[in-house]
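Q: Sequence:
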Amino acid sequence: MRVIFAGTPEFATQALQAIIEAGHQVPLVLTQPDRPAGRGMSLQPSPVKKLALAHGIEVFQPLKLKDPQAQAKIAAIAAEVMVVAAYGLILPQAVLDLPHYGCLNIHASLLPRWRGAAPIQRALLAGDAETGVCIMQMEAGLDTGPVLLRGAFPIEANDTTATLHDRLATLGAALIGEALAKLPLSATPQPLEGVTYAHKIEKAEALIDWHKSAGELDRHIRAFNPFPGAQALLGGQTVKLWRAAPVAGQGEVGQVLRVDRQAIVVACGDGALAVSELQKAGGKRLPVQQFLAGNPLQPGDRFDIAA
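Remember, the numbering used here sits 2 above the position in the sequence shown when you count from 1.
You may find that some hints are simply not true.
Pairs of lysine to aspartate or glutamate residues, derived as DMTMM-like cross-links and limited to a Cα-Cα distance of at most 25 Å, are as follows [said to hold, decoys possible]: (1) Lys-286 - Glu-195; (2) Lys-214 - Asp-168; (3) Lys-66 - Glu-132; (4) Lys-205 - Asp-306; (5) Lys-214 - Glu-141.
So the derived label-pair ranges between C-beta atoms look like this [unchecked claim]: (6) Gly-40 - Pro-193: 58 to 64 Å; (7) Pro-193 - Glu-254: 41 to 47 Å; (8) Asp-69 - Gly-40: 53 to 59 Å.
Quick caveat, the hints were computed from the structure, so don't treat them as lab data. Note that the structure is a prediction, hence the values are computed from the model and not measured. Glycine included, C-beta positions come from ideal geometry on N, C-alpha and C.
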């Protein structure tokens, strides 16, 4: 088939690679404009742009798709379908209507749960038992379109946003390959019940609230790994917590109950959290034993409690 691909981050690259390997023609790739990144803040291409250029595919980076010139460029491709994966721009109806089979979105949740920008993190924060990918026929609403294919798998006790991201990207690539091979597919409207929205992750959400239960904080740490990292305050200094597990224990909220080579055990609103990997501002991620060498802690010390 003749396919336009629209995507930006690493999540989308597996799908684009799968489409290319399946033998489809990809005459045009849409991706976000280059952004400043790194220490020098030089302009960096998106992961999708890098992959497209490596395959000799033309890359188009419009600031918006409501522009008639942008729409004319897409129309000129005469694509049979557009595949969208974490692109980052809203597709107006005029663009949705251009391809023969419309636009198919690879969405990393089990719709209608977690429509929106951050479905992986929100599923972890909520303690969902499973997650998955839906191939959705796009329409004007935010992730409201009917579903063509879906796949699901359990969320494991040690899953982070990073591990789920990689498994969901692999599943999304497999499902879009299957969908393109079977078009046209019958579409199932999303149920009206069970709709939730995965609002964009804000950095301010990363701060640990020790009044929450150990189970909630365990999910919090895993949901904010790798970005932006769950943050706690210790003596007024920011410390990122990267790995922890709920354990039995009680005490004053935020108080260090026990310290050994494996973990720093901190009292929560319900239960305790055994923190085993930490990072001071400007430092490296360290296992507890190495962290304690430069940051001695002992039972009775207390993490700062937000007002």
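Q: A separate judgement is required for each hint: does it hold in the structure or not?
A: Here is how each hint holds up against the structure:
no.	hint	result
1	Lys-286 - Glu-195	45 Å, violated
2	Lys-214 - Asp-168	29 Å, violated
3	Lys-66 - Glu-132	34 Å, violated
4	Lys-205 - Asp-306	18 Å, holds
5	Lys-214 - Glu-141	39 Å, violated
6	Gly-40 - Pro-193: 58 to 64 Å	44 Å, violated
7	Pro-193 - Glu-254: 41 to 47 Å	45 Å, holds
8	Asp-69 - Gly-40: 53 to 59 Å	30 Å, violated
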